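Novice: Sequence:
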Amino acid sequence: MSTIERNKILILDFGSQYTQLIARRVRESQVYCEILPFNTDIETIREFAPRGIILSGGPSSVFAENAPFPTAQIFNLNVPILGICYGMQLIGYLEGGAVAKSALREFGRAELIIDNTEDLFADLDIIDNTCTVWMSHGDKVERLPDGFEAIAHTRNAPIAAMRNPGKQIWAIQFHPEVVHTYEGTAMLSNFVHRICGCESTWNMANFIDSKIEEIRATVGDRQVLCALSGGVDSSVAAILIHRAIGDRLTCVFVNNGLLRKNEPEAVVKTFRDHYQINLHYEDATERFLEKLSGVTDPERKRKIIGNEFIYVFEDVKRQLGSFDFLAQGTLYPDVIESVSVKGPSAVIKSHHNVGGLPENMDFELLEPFRELFKDEVRLVGLELGMPEEIVHRHPFPGPGLGIRVLGEVTKERLDVLRDADHILLEEIKMAGLYRTIWQAFAVLLPVNTVGVMGDERTYENACALRAVSSVDGMTADWSHIPYEVLGRISNRIINEVHGINRVVYDISSKPPGTIEWE
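Reading the sequence shown from the start, the letters are residues 34 to 551 in the working numbering.
Hints in this document: simulated from the structure, not taken from any laboratory. Check each hint, because a few of them may be wrong.
[What the hints assert, rightly or not] Once the Cα atoms are required to be at most 27 Å apart in a straight line, the calculated DSS-like pairs of lysine-lysine come out as: (1) 350 <-> 336; (2) 462 <-> 336; (3) 350 <-> 324; (4) 294 <-> 324; (5) 350 <-> 462; (6) 244 <-> 350; (7) 244 <-> 200; (8) 200 <-> 302; (9) 200 <-> 324; (10) 462 <-> 302; (11) 324 <-> 336.
All figures in this text were calculated on a predicted structure; none of them were measured in a lab.
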């Protein structure tokens, strides 16, 4: 058993919008964790062999008719348990305490007064045992279960945290995983290190070693076909898999006609010439555009593009020989947003790597980054010695410009968007903003606006610019690009790109919006 396998935390998801952030914070403490649905059976949990279990928050009340409850046997595993928000109310209810509706619902910042600075709240960087935390609850534990003690309170919650060390149970009413909770990361670190006894073994060097072993064991002497887009995820995946199995990897780069300006040439040069990886270039532009002809619905576009990718790969497979695996750069946020496999969370949109696969696919999937966040993949790339211009490249969706040309996708509209997008990226790089922005791109709107160029009236496309700041793509805020830079971008696009006469800037955050428009 590897050091990672001996030191891991299980998070049971009760539907909180913050569950993924809990995982991120645990991993920042260099402890591996995974998220499973709240109703995971005890055999699966035992097989996972966690050093500790975290019960996430969630939108339900313990009094709701269909309230989510875990298997009661988790309390007999002799491992520490931490309940967060709904998880605390659940523990209070199941352990025989009293849970009631709060007279005042707490949502937002609250002042937490810590009454016990042992274990969970040990060595925090706070003054007078008081710190700001983030509350989001309607119910509260009103009476402690037998054997429990209160270890923190707020003005509206006399029992804001509780523990029973004998039963190895801790619970807190607030969310330590969000940035609004001061020292929240330290609290989670205290749980996984001080209470659960985990060692700091989760780092990208260890991940690479264990993943290479896993890939070799999974693939054996069989052949892998890698869907290479040139983006960060698939590029790092290709290098990692190549390091594991060498020439048993063949990368296929599909030009679907939905790529950015000069992208096909750059990808071929990098991977075929520099990395000397087996690379097959497939120009399927006409094929994709024919499938997308007349289609305007975003979900249909994603499904069509996702399906067509697989069909192209199946055709390439017949050309190149026998392949058993299809490798993809699927990330954890892709999985979470596409299918509710990790708990009772809502499906946001179909992702190209997850939602568009045909049911009778003729490959086994090899997805080495399925449980990683984007910034973790970047760290893998740097650990593998990959160039920063690849590792820090802005995310680019698998459906490409197909979901950035709103409305019908045509070659002419794609060419207009390509030129506008190229100017945007060129200008933010010249302004030294590229690395400070998570993702920047242009969107061609299905709207024509009246304009004046010279002495003539124009009636051409409007273009929206989108730039966001984020850590992992789960949440994002719009980037505050200086007005003078936005002015230069707008001026160049309107003057240099035939077909656009108006440029607007998107100042929506995620949530409530998504990063992409479609």
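Novice: Taking the hints in turn, state whether each one holds.
Specialist: Hint check results:
no. : hint        : verdict
1   : 350 <-> 336 : 21 Å, holds
2   : 462 <-> 336 : 33 Å, violated
3   : 350 <-> 324 : 21 Å, holds
4   : 294 <-> 324 : 22 Å, holds
5   : 350 <-> 462 : 38 Å, violated
6   : 244 <-> 350 : 25 Å, holds
7   : 244 <-> 200 : 35 Å, violated
8   : 200 <-> 302 : 60 Å, violated
9   : 200 <-> 324 : 59 Å, violated
10  : 462 <-> 302 : 22 Å, holds
11  : 324 <-> 336 : 11 Å, holds
In this structure, the hints that do not hold are numbers 2, 5, 7, 8 and 9, in rising order.
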